[in-house]
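Participant: Next come the chains, spelled out residue by residue.
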Amino acid sequence: MADSHTHTSPAPDTATEHTLASLWHVVVLNDPVTLMSYMVLVFKKVFGFDDTKATKHMLEVHERGRSVVWVGPRENAEAYAYTLQQWHLTAVLESDETH
Amino acid sequence: MKHIEVKLSLPVVAPLLDVIKTAADTLQGSLAAPLGVQDIDPEFREAWTEELLRSQNDELATLLALFDKEFFATGTVSFDAENGEVIVRACAALRLRLRCTLLKTVADEALESGEIAVETLTEAQRTAFMCYLFLATIQDLIIQHIDTLSADS
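So the protein sequences, as listed, match chains A and B. Mapping of the first sequence onto our numbering: residues 1 to 99, in sequence order. Mapping of the second sequence onto our numbering: residues 1001 to 1153, in sequence order.
The following block holds chain A by itself, in its conformation from the complex:
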């Protein structure tokens, strides 16, 4: 990641209502181009994170190459991945079973 509302979010996190097997992780991957300030902005816009939480996830992406930014049902996870893609961030979905 490089130094430096359109809010189409799906429904709120209802992960606790689902079994573990049905949970999916939305994982944002690092790239060397995206500005840190941009990624913080995206996390705030898409997930409603405050500055502290958005920055924490951004630093995780920057330092570890990835960050799990949301966990929940597949359908919602896909909607989040789509929204992140609209912001030109690369996001993958991983089943809870892989974690």
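Just so you know, the hints here were simulated from the structure itself, not pulled from any lab data. Predicted model only: the values in this text are computed from it and were never measured. Every clue listed holds true.
Cross-link-like lysine-lysine pairs, in silico, BS3-like; alpha carbons within 30 Å at most: (1) B/K1002 with A/K53; (2) B/K1002 with A/K45; (3) A/K45 with B/K1021.
Let chain A serve as the given structure and place chain B on it in line with the hints.
Facilitator: Only chain B this time, still in chain A's reference frame:
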């Protein structure tokens, strides 16, 4: 509606516009960030891609529209709540595309830090790198003011 007006140096920015336009053209039919989600229904995937391409093209058109007759007359561009986020996204898409095209031989570490020995670059790469930095500057500027711009919309 609140807006930010930025006066740019025409002699510096004008030569970058051809690179920006060319990069934007190459994005007409492909996404700046390839779809990360692989295991989805092919029809669903196609619909996603079409929608994403449409919004990406709209973003690029909004960015390119900044550099109109008025810009060439005054050197001024204007950002507001309506176009700010869209332009920030267009800049992100273009920077990703420059990385994959004109800057593909530049090491990721160098792109990430922005510290590049420009004398090692070809003329085309140098202009592309200037573009890459220019787009980041626009992004930073808008991001710094985005809350102010939105507050009044």
